[in-house]
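Protein chains: 2
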Amino acid sequence: MADLSQNKKDLAHARTKTSFDITDMTNYLYGGVDNVEQRRYIIDLIAREPVFNKDDWGWLNHTDAVKRGIAMSARLAEIKMEHELNDLDFATMVEAIDDTLPILLHNGAFIPVINSQGTDEQIEKWIPLAENYQIIGCYAQTELGHGSNLSRLETTATFVKETDEWEINSTSFTAAKWWIGGLGAMCTHAVVQAKLIIDGTDHGAHVFVVPIRSLEDHKPFPGIQVGDIGPKAYGGFNKMENGFARFDKYRVPRENMLMRFSKVSREGIYTKPPHAKLSYGSMVLLRSVLIRQMALYLSRATTISTRYLTVRRQFNNPTNRNDADLNPGLETQVINYPMVQNRLFPMIAQSYALFAAGSQMMEMYINLMTGLTSGNLDSLAEVHAMSSSLKSYCTTIGAAGAEDCRKLMGGHGYSYFTGLAHMFASIVPSNTYEGDNYVLTQQMARYLLKEVKTARTTPEKVTPFSRYLLLALNRDSFSRTTCSVARPEDWLKPEIQLAAFEHRCARLAMELSDAVEAGGGLESSSSKTWSDHNIECYRVSHAHAQYVLVLWFIQSIRAAQDPESDESRRAQPESIKVLEKLSNLHALHTIQTNLADFAEDAYFSPSQCLSLRAQVKSLVASLADDVVGLVDAFDHPDFLLSSALGASDGDAYKRLWDKAQSEPLNQREVCDGYQEYIRPLLKKHGDIKM
Amino acid sequence: MADLSQNKKDLAHARTKTSFDITDMTNYLYGGVDNVEQRRYIIDLIAREPVFNKDDWGWLNHTDAVKRGIAMSARLAEIKMEHELNDLDFATMVEAIDDTLPILLHNGAFIPVINSQGTDEQIEKWIPLAENYQIIGCYAQTELGHGSNLSRLETTATFVKETDEWEINSTSFTAAKWWIGGLGAMCTHAVVQAKLIIDGTDHGAHVFVVPIRSLEDHKPFPGIQVGDIGPKAYGGFNKMENGFARFDKYRVPRENMLMRFSKVSREGIYTKPPHAKLSYGSMVLLRSVLIRQMALYLSRATTISTRYLTVRRQFNNPTNRNDADLNPGLETQVINYPMVQNRLFPMIAQSYALFAAGSQMMEMYINLMTGLTSGNLDSLAEVHAMSSSLKSYCTTIGAAGAEDCRKLMGGHGYSYFTGLAHMFASIVPSNTYEGDNYVLTQQMARYLLKEVKTARTTPEKVTPFSRYLLLALNRDSFSRTTCSVARPEDWLKPEIQLAAFEHRCARLAMELSDAVEAGGGLESSSSKTWSDHNIECYRVSHAHAQYVLVLWFIQSIRAAQDPESDESRRAQPESIKVLEKLSNLHALHTIQTNLADFAEDAYFSPSQCLSLRAQVKSLVASLADDVVGLVDAFDHPDFLLSSALGASDGDAYKRLWDKAQSEPLNQREVCDGYQEYIRPLLKKHGDIKM
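Quick mapping for you: the protein sequence lines, in order, are chains Y and D. Okay, so the first sequence: first residue is 1 according to full-length UniProt numbering, each after it adds one. Okay, so the second sequence: first residue is 1 according to full-length UniProt numbering, each after it adds one.
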């Protein structure tokens with residue numbers, strides 16, 4: 001018979017088996033003890049505030065949730081001001097709050113856009129007001145009829161010379177702004193993307209600061225119809241009001257156009273911006289941040305799943321490795337089943353790989369921006385392609401992983417109280433926003449096609465991450481290349497793993513290049529030809545992203561044991577040993593999941609395919625004693641996890657029970673609707689006596 | 001500039017390109033015109049009732065949703081009685097309602113369990129009351145601590161000889177019944193699974209009819225603590241109250257044990273059931289029904305996605321094949337992008353394959369039951385394995401497909417108003433209930449291992465669906481077998497497709513058999529050994545399911561053109577032509593998705609892999625003019641789709657706008673929370689004058 005405290009015992013016992021120091025691992029993940037402590041401090045700041053309590057989230061409807069979101073937004077703004085927190089700490093607060101709020105685009109887009117596209121005078125005018133939350137802004141780009149295709153936006157801003165104003169107008173039904181976070185209820189201002197028109201000439205999309213609601217009574221100004229677009233999939237973004245707006249020849253002053261790059265004079269003379277691609281930096285940043293976010297999300301999902309599956313027992317089974325020293329009469333811990341381990345542990349390895357990738361990508365971004373500031377645009381194309389490719393791949397595995405962690409938890413996994421359903425609903429739109437994950441892969445493919453040309457003409461100029469293309473310059477010898485694995489343990493050599501990824505990327509890139517050239521080449525090709533290649537773009541871009549993730553994880557571990565490295569990046573030998581297992585598992589499991597790409601050109605032999613699968617199984621098994629420690633090292637406190645099943649004490653059943661008892665439906669003995677519906681049905685054929 | 005009615009024009013225009021008669025295709029899908037008309041009649045019956053209106057579902061919280069669910073349940077019961085509807089029509093009503101209701105387990109489990117496990121007297125006592133809804137029942141098996149492992153349930157029913165009663169008891173915290181649909185609020189009775197104990201001897205789980213709530217005031221009886229377990233993932237099962245119950249030595253009369261098979265006499269003498277596996281029939285039924293449901297779900301998802309992507313336009317693109325005869329100034333219909341087609345069209349093909357499989361599986365079930373009635377258990381093992389294997393695979397692709405259809409719709413796909421989010425939330429638990437999709441694959445694997453033995457000893461006794469095992473009896477020649485595709489068009493031959501699937505299944509089954517034998521054989525092997533093979537069980541079971549789906553779809557098309565076939569299964573030559581394309585696409589796309597399984601043993605050569613991918617692309621392109629007609633043929637009315645973006649008139653933007661306007665948040669000019677939260681924040685630093 002199950003013992004109430006068995007859950008707790010099981011998790012505590014599993015922790016004793018950890019082979020490494022958890023604190024050391026946490027420091028490695030977050031880049032040093034200072035970062036770890038600051039993150040804890042900030043999360044605790046949020047956890048102490050009643051408005052951020054998550055206990056009733058499961059039964060708020062959209063209307064109530066938005067009201068809560070507004071309350072949370074106001075408090076978030078106050079805390080930021082009270083503690084004078086920087087952007088990084090603000091991001092950690094948002095992580096701790098764990099929901100999208102109407103105010104997020106104020107800090108995430110409104111302020112950054114004014115800062116980057118406003119003149120010094122405009123910055124001086126708007127930014128202090130925004131920093132003090134005397135105005136609350138949002139960013140209005142997407143329309144009912146247009147999202148990806150910026151150049152076809154239908155909102156216009158027409159210059160009215162007589163009054164020195166812009167007339168903002170929704171020129172058609174589909175011109176309505178749509179999906180704008182914060183516009184539906186909370187914001188007072190919006191930065192609006194609209195086509196700039198002077199004397200009938202369309203100069204393309206530009207940005208304008210547009211007052212939306214009165215600062216006195218919050219009523220929308222005449223000429224603006226504004227509201228909420230309704231609930232979102234899976235209850236996601238529930239506390240965010242995503243708004244719509246229609247402008248009816250609404251006037252704003254000329255100086256409300258942000259004029260750092262393009263300008264319009266009092267006379268209506270338009271001046272073009274000097275560089276078209278300078279705005280790429282902010283896209284790179286948003287995508288880089290998403291990679292880091294996926295590390296945080298997937299690590300939370302695996303934490304919850306690992307802990308619950310450690311305390312959940314089902315069926316007697318002699319596999320009871322971890323149980324042998326406990327009560328042998330107990331059923332097997334579900335986490336001991338190889339099928340479960342082979343689904344779950346690779347996701348733990350992915351989480352670690354994503355942590356490494358998040359740091360590397362951010363470093364790349366910072367180097368890019370340092371370069372841009374000094375006029376160096378050399379790495380812009382590569383970094384932009386890399387962030388696009390990684391965003392697509394990482395958010396794909398992040399969302400899929402959160403859902404698979406939930407499914408791994410079996411029946412109870414379908415309860416809202418896992419915490420994972422809310423998480424999935426928050427992650428999955430990232431597969432679509434900041435560039436649809438399929439469309440986005442074209443960026444890396446275009447970049448690689450240019451690199452193929454460079455490889456053929458000036459191979460020394462190929463950038464490090466696409467140097468693999470040089471392997472395939474001699475197509476004959478390349479097509480005869482095979483994997484050098486002779487014995488199973490060869491799979492554990494990083495250089496063999498990387499060689500396999502490089503071979504695959506090179507082959508796919510060359511095949512794409514051949515196909516494009518057969519269609520007349522990249523420059524001369526029509527869009528028709530290009531869109532016919534998009535399936536192959538997707539393949540090669542994800543192949544490249546996987547290669548980079550494997551590479552960066554390997555490099556991060558090398559740095560962690562390099563005495564030359566900064567202390568904050570280093571780890572103890574016991575940690576290194578487990579990290580190497582994780583890196584091997586991550587690399588080989590990624591290969592296994594995409595095995596056709598490695599086997600279809602006979603780079604792998606049939607026997608190598610078999611030994612690869614065996615090696616993955618064996619790596620998975622070797623991690624069994626460490627997984628609870630590995631997820632503890634992610635350092636996600638219970639407040640953040642908000643999960644009855646994944647709390648740090650392991651008391652899953654008790655917490656699940658308690659959560660159910662607190663539900664509004666259970667506060668009355670006889671349900672609402674009994675008199676109205678149930679009783680008439682039961683009594684339709686008269687009374688019975690049982 | 002987009003024209004308001006362009007959406008409608010686009011969809012209407014796409015319809016004109018259909019190459020076949022839609023009515024003929026619909027009749028093929030549903031097995032004849034009578035079935036089509038009956039389904040329409042029933043759906044219309046539901047659509048006309050205000051209580052089933054779906055317009056406000058997106059903003060109901062769980063408490064309000066349950067109340068609505070109770071109202072809907074009562075009306076559903078009344079309609080069933082008023083119109084004297086049979087089980088099939090009841091299922092169609094539930095399809096039309098499109099949500100899980102507290103009353104569903106009354107008809108879906110309570111009544112069937114009593115009918116199958118009750119004695120004639122018990123049936124006579126309980127069934128009329130249940131049929132008249134004078135009592136409302138549910139089925140209480142799962143507990144907080146046990147789901148899959150029935151034998152370890154902790155609820156006990158102890159015989160009390162003195163009073164001729166059972167004492168039902170929750171013997172521990174984890175013994176609480178959990179997840180029981182209808183138990184939380186609506187039901188008056190439950191069929192409870194509990195361990196039968198007489199004089200301290202445990203006779204295992206048996207079923208008992210247990211009164212839960214008073215028929216007079218609906219209050220739970222003393223000794224029973226009952227309530228709702230809380231909201232579910234993604235807002236799924238929102239109108240269903242899934243209940244918990246704890247029994248504190250609660251007494252019911254001896255005759256409330258269902259005694260058709262096992263019996264307990266007045267003296268407390270226990271009699272065992274004659275056959276252990278007779279209850280498999282109902283599991284087979286539930287799983288077979290799920291396959292049919294997946295056809296209905298995935299066809300709805302593809303309907304919504306296909307229609308919206310036909311009217312959504314984004315970017316100018318010379319690919320404008322379908323647009324060339326329209327206004328060339330318009331942007332490209334998103335459905336014209338090859339990447340979109342290559343994701344969407346294979347799911348349309350899958351939907352058609354699932355329709356065929358749903359019918360075949362149901363036929364298999366009916367034949368099984370006919371056999372069982374006459375004492376023939378021959379096909380029980382095969383049909384049970386088949387239904388398990390197909391349930392696992394079909395519900396996996398059903399849930400994944402619904403979500404991919406949603407993602408295909410880009411930004412607007414994340415709106416609740418697509419109708420797809422609600423659908424995913426309803427489908428995805430099917431990956432877990434009626435047997436977890438991973439665990440369940442062991443059934444087919446066990447069955448195939450037995451068939452391998454049969455193949456080796458008495459090959460003539462191998463059943464038709466596993467005859468492929470005979471291919472691999474001579475392992476040497478088998479391992480040298482390669483695919484016979486020489487020219488690209490060879491891929492379109494059904495026999496070549498089936499040969500590839502058979503080769504793959506045979507190889508995986510034999511490898512599994514070798515591994516099991518290396519571990520000491522199936523009978524002698526410990527569970528440890530078995531659970532170490534579960535990854536391979538999953539692979540071989542899904543491979544088998546894919547083979548059967550491909551086979552049944554091919555057979556269904558052959559039957560449709562066979563003059564000997566029943567009229568209800570036939571189709572016109574124009575329909576056959578498109579069905580053959582769909583079947584080819586389904587087979588080849590399934591191969592492509594699992595290409596490693598076909599390439600890793602060199603059954604496919606590198607050039608065959610390349611030509612396969614090319615053939616899939618070409619099949620996809622060939623369906624472009626027919627997809628709108630193909631989804632129209634699914635015959636899902638707008639009421640059922642409940643989608644702003646997928647309605648039959650194509651007026652997506654208008655409907656999305658209208659839905660947003662109806663939302664509660666938009667019924668007031670200034671949002672709730674302004675005075676309390678927003679104004680104090682804005683005024684914190686004093687008034688400003690803009």
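It cannot be assumed that every hint is accurate.
A pair counts as met if it fits within one copy or between any two copies, since identical chains are not told apart.
Derived pair list, reagent style DMTMM-like, types lysine to aspartate or glutamate, alpha-carbon separation capped at 25 Å [as the list claims (entries may be wrong)]:
hint : residue 1 : residue 2
1    : K263      : E495
2    : K493      : E82
3    : K8        : E495
4    : K54       : D64
5    : K684      : E567
6    : K249      : E165
7    : K161      : E382
8    : K249      : D64
9    : K249      : E154
10   : K80       : E676
11   : K8        : E669
12   : K8        : D34
13   : K125      : D649
14   : K617      : D164
15   : K54       : D514
16   : K659      : D64
What the hints contain is simulated information worked out from the structure, not anything from laboratory work.
Hints versus structure:
1. K263 x E495: neither (53 Å within a copy, 68 Å between copies)
2. K493 x E82: neither (52 Å within a copy, 72 Å between copies)
3. K8 x E495: neither (42 Å within a copy, 57 Å between copies)
4. K54 x D64: both (13 Å within a copy, 20 Å between copies)
5. K684 x E567: Close neither inside one copy (77 Å) nor across copies (43 Å); limit 25 Å.
6. K249 x E165: within (11 Å within a copy, 80 Å between copies)
7. K161 x E382: Result: close neither inside a copy nor across copies, 43 Å intra and 81 Å inter.
8. K249 x D64: neither (33 Å within a copy, 42 Å between copies)
9. K249 x E154: within (13 Å within a copy, 70 Å between copies)
10. K80 x E676: between (50 Å within a copy, 19 Å between copies)
11. K8 x E669: Neither, since 32 Å and 51 Å both go past 25 Å.
12. K8 x D34: Result: close neither inside a copy nor across copies, 31 Å intra and 59 Å inter.
13. K125 x D649: Intra 51 Å, inter 49 Å, cutoff 25 Å: neither.
14. K617 x D164: Neither: 71 Å inside a chain and 55 Å across chains, both beyond 25 Å.
15. K54 x D514: Neither way: K54 and D514 sit 54 Å apart in one copy and 52 Å across, limit 25 Å.
16. K659 x D64: Both. Shortest intra-copy (20 Å) and inter-copy (19 Å) distances satisfy the 25 Å Cα cut-off.
This entry does not satisfy hints 1, 2, 3, 5, 7, 8, 11, 12, 13, 14, 15, going by the numbered hints stated previously.
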